[in-house]
Amino acid sequence: MRRQPLTDRRLTRRTLLAAALILVVIPATMLLGIFALNDRKYLFVSLLIVLYTMIPFALVFERRKPQARELIVIAVLAAIAVAGRAAFFMLPEFKPVVAIVIIAGVCFGGEAGFLVGAASGFVSNFFFGQGPWTPWQMFCFGIIGFIAGVLYKKGWLKRSRISLCVFGGLSTLVVYGGIINIGSVMMFDPVLTKEALLASYASGFWFDSVHAVATVLFLFFLSRPMIEKLDRTKVKYGLIEP
Amino acid sequence: MRRTAFSSYHPIVNFTYFAAVLVFAMLFMHPVFQAVALVSALVNSVLLNGRRAVRFNLRFLLPLFVLMAVVNPAFSHAGVTILFYLRDGNPVTLESILYGIAASCAYATVIVWFSCYNAVMTSDKFIYLFGRIMPALSLILSMVLRFVPRYRQQVKAISDAQKCVGRDVTQGNPLRRARNGIRILSVMTTWALENAIETADAMKSRGYGLPNRTSFSIYRFDGRDRNAFAAMAGLIGVVLLGAAFGENGIRYFPSVHVKHASPFGVAVYAAYFMLCMLPAAIQIVEELKWKSIASKN
Amino acid sequence: MEIYRIKELSFAFPLQDKHALSGIDLAIGAGEFVAICGKSGCGKSTLLRHLKPILAPHGRLSGTIHYKGRPAAETDRRTQAADIGFVLQNPDNGIVTDKVWHELAFGLESLGYGQQTIRLRVAEMASFFGIQSWFRKPVNELSGGQKQLLNLASVMAMHPSVLILDEPTSQLDPISAVDFLETVSKINRELGTTVILTEHRLEEALPLADRLIVLDDGAVIADDSPRRAGAWLHGLGHPMFASMPSPMRIYAGVEAGADPAAPSPLTVKEGRQWLDRRMNGVAGGANAAIGRKRELIGESAAAQGKKPESMPSEAPPAAAEGSQSVSADGAEILPSEVPPSAAVAESRPASANDLAFADDNRMPAGAMSGNLPGSAPAADVPQSGAYPANPAINEATAREARKSAWRLLLDKPVAAPAAAPAVSFKDVWFKYDKNGPDAIKDLSFEVKKGEFYCLVGGNGTGKSTTLSLMSGLLRPYRGKVRIDGRNPAALGADELFANLLAVLPQNPQTLFVKKTVELDLHEIFDGARLTKEQKREKVEAAIRFAELEPLLGMHPYDLSGGEQQRAALAKVLLLEPSILLLDEPTKGLDGFFKAKLGEFLQKLNAGGVTIVMVSHDIEFCARYGETCAMFFDGGVIASKAAKPFFAGNGFYTTAANRMARHRWPDAVTAEDVIARCDDSR
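Residue numbers (the numbering used here), protein chains in the order written: chain L, 72 to 313; chain X, 8 to 304; chain D, 425 to 1105.
Calculated directly from the structure, the hints in this document are not laboratory data. The reader is advised that the hints may include incorrect statements.
To be verified - With a Cα cut of at most 20 Å, we get these calculated SDA-like pairs of lysine to any residue:
no.: 1; chain 1: L; residue 1: K265; chain 2: X; residue 2: I104
no.: 2; chain 1: L; residue 1: K136; chain 2: D; residue 2: L915
no.: 3; chain 1: D; residue 1: K431; chain 2: D; residue 2: K492
no.: 4; chain 1: X; residue 1: K163; chain 2: D; residue 2: E1008
no.: 5; chain 1: D; residue 1: K939; chain 2: L; residue 2: E299
no.: 6; chain 1: L; residue 1: K265; chain 2: L; residue 2: K136
None of these values were measured; they are calculated from a predicted model.
All chains, full assembly: derive it from the sequences and hints.
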């Protein structure tokens, strides 16, 4: 089954939708925030924006009527990511979610990567409690999976251990840490100032570092067997094409 | 989780209610609105979660609230009423203190509302609501929710089995622990993927992927739901109208300015209060009804 | 009306020359209840999957399958989904969604039914299957039996005209299995739905079926009513006959060749009636049939004196290998059993001398130090055969003989039992939650060194908890647990599981880490201080012991259930345990693999390994166990040597015993009963 052309078209349609959102809807929301809502409604506006960014993925995925096997793969990987946290109960902050999301992106493409990430962010909060942090986590995990998939397709990211570990460490520190800290400033601090943001990065640095180290370690030990296993299922059962 | 009257309503009613109170809590900074929201959120959380909610509110939320209220003036120096100067020469203003309190109040309210949301909006309600617009994604959600407890059991089984061949994740240095943990995860992955193939077969076997799939739910939108929904919509309408007329308005910087209460304003306050207290009211009414029925039998 | 007509169906998996199915011709009529049996890997599942083309595996197919008069492959997906219901083997894998009600509706949603229709159908199903009380529960709170019932109900909700079930009860405990099969039978009786079922539990399934189809190596070898198909199998001397219900086996063993047309008993009730008629007849005087029987079975009957029928009838190892071995009767099987053991036996004296078993108070594991316990049976083969003829009487002596032979070889004093018991529980109490109920109540028992100890009892009585207490995974809140005189929970995993204790988990898949069986066996030495050479030697010994040679290059998950069990057993044996704990080792295994496992365990046991086994499988415990203990309500109610134990039970005992206990309460296995019948002649 060659689905390559289809994948390309999907990407463009998603890009268009995303572009429309970024260029029109998001600025409109910001303007609404500034003028209609008297500004300083950061929490609300930022949540709206984060939610927007996820809409194109949802729409494109729904429209192409995915097959049972695709659903299964995404659900299994997301569930592994969530349950994986249970396997590491003894090591706090040492979580495999980002590593699994990256592997999903590399093996099954950016879309699957995003959905695995977003789904694991969402579902894990069914167990830990939903809150204003849910959309942020969904977005961060999702976007890392998406980037991994896109970079792999472009050939910039390899399946080698080193390549994955470098990407994993950087993306955890920069993408996840970067966005989540903005999110927590939006949530906790009423005023978005440079100082508050810096303070948040400084206080979150150690957590983010441990998280990044964990991701690197997971990718180091887990990437090869995981990719082997996913490939094996792909071959044995013709699961899904990347 | 206790059975509460409000959670027995249709998911649409539940969801609309929480969407409204959450958005309002994030947007309205007017002291009266904030007080109404915080108080009713607390009342609802105690009704829904009982003693656990009280403990949570006191132990976790109160310190957070205080901390946030203190931190804000340290970072924000806007405002005209300067109270004193910090050591680094920055002024602490009345406005930023008040704003800090208001913002932390809004945040606390959001958190408490979410704790109520978590008690009422169970996963199947959410899946039902989004099953209509996003059938595939909501099915994924349902599957993940099915898999996670199953995988957790399997993680336990694997870690026990591995422990019984001398690979104990709870002992040894961190590196060894991490390696054993990763081994468990790796075993779990193989197991999950191999078993998932059969699940995919079960889905195909029961016709998943045929066109025109419908979405079934055990929820029925009955007369009670209709009444509650109408009442809610009415109250939300009044609150929004009030917001449009600026009854909820407050300005903190450069100096605090609150719109004075008008009779219409008071009506809006009342509407907001009634909206926020809706679950509590329903609960109390039902309990009274039950008591009166029980006493007659 | 004909539902299926299969002509000349042959099928081979990709990249394989061997046909998984060859030349199958079948016609299945509407409303029939068809049971299909055959040993693992005979093509049962492949055949079932071809009956629902959407599940058919890829590969080369020839021949035709017609469904309701039209080629099955042309049946559109909607009809396939609704009309052909398929229930998978593992109840957990069949369930897709997280709530019971949603699962019931899943298929109907796919078919695009409206809210009202689904509501009605779901309600109907919930009532028919008695699901009301757990209708709104999350799926993960259900028991295994409930899950499989849910699978069945959610398939039945689509009102199929055929119901296909692929070993639906293999993962269930005996009580839920019987309930499930009764429900299937009810569907067949009350709704007229055609049922096609593969099953290992023929004891329970056959009385319900109208027709039995036996597959061997992808071909149909018998297709008739269960009674006649059974008689036919017996006539062929086919190893599959060993899996038939005990009454049928006893009947065949006693009356063989009597009157082919006379119906063989299928259930315990029929068996009893037959036995009574027969025994009264015997008492009354001559029975012509007996004489005829003697003639007809000729030398095989003569062989029964030394070598019981039990071995062949419980699936002889040679037959289990899957060859076309259609040996006339048990006698010929015996030699085939000797070679592996004999081969080891030759190498034994040398290795026995330089044994490292200096430890006095512990029985040597023997397992993997180059001298396999497998050598033990070889020692007693000349004495008494692998199994004594009259087990009830000779059991204990034979066992002792076997053991002492082994000990002599090792220059060990026979007085070993005087040492500390292998496992001892003293006034043990355990609960999972501080405020929860006690899972283990005042439990005291001892397992002597070298004993083969079986814990039997219903679900949720605390059997598995007891195993966890033994392996130190859990700690009692009162009382003492001692393994070889030491507290397992206080010992580190390194100490406890090196050369002392090994646990074979219920699901062997939880042990597999690597991508081939061989790599996986080597994996156990990760971090162990051994030379490459030592590791290789040990692994090779384990491979020989568990007969894994042909499977080494395979992925552990591509093995069948029985093979996985063996690979896992080999893996834990590499730890050279002196005590082996097993949790439900026979779950999901067919008769052949069970027999094989039983044989392995006896080999190990004879080699001095203490075995503690938790099981639901009464027949297996009666057959292979030494001591059996009844577990109930968190404690051991009674414990005795296996045969007297089951002989003393009225209800919780083997089918053969239930059938014959009014005459010979101590006849526990089918072989016992046959022997008594012969004696009373």
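Checked hints:
1. L/K265 with X/I104: holds (19 Å)
2. L/K136 with D/L915: violated (55 Å)
3. D/K431 with D/K492: holds (14 Å)
4. X/K163 with D/E1008: holds (17 Å)
5. D/K939 with L/E299: Judged against 20 Å, a Cα distance of about 9 Å means the pair holds.
6. L/K265 with L/K136: violated (45 Å)
Hints 2 and 6 from the earlier list are contradicted by this structure; the remaining hints agree with it.
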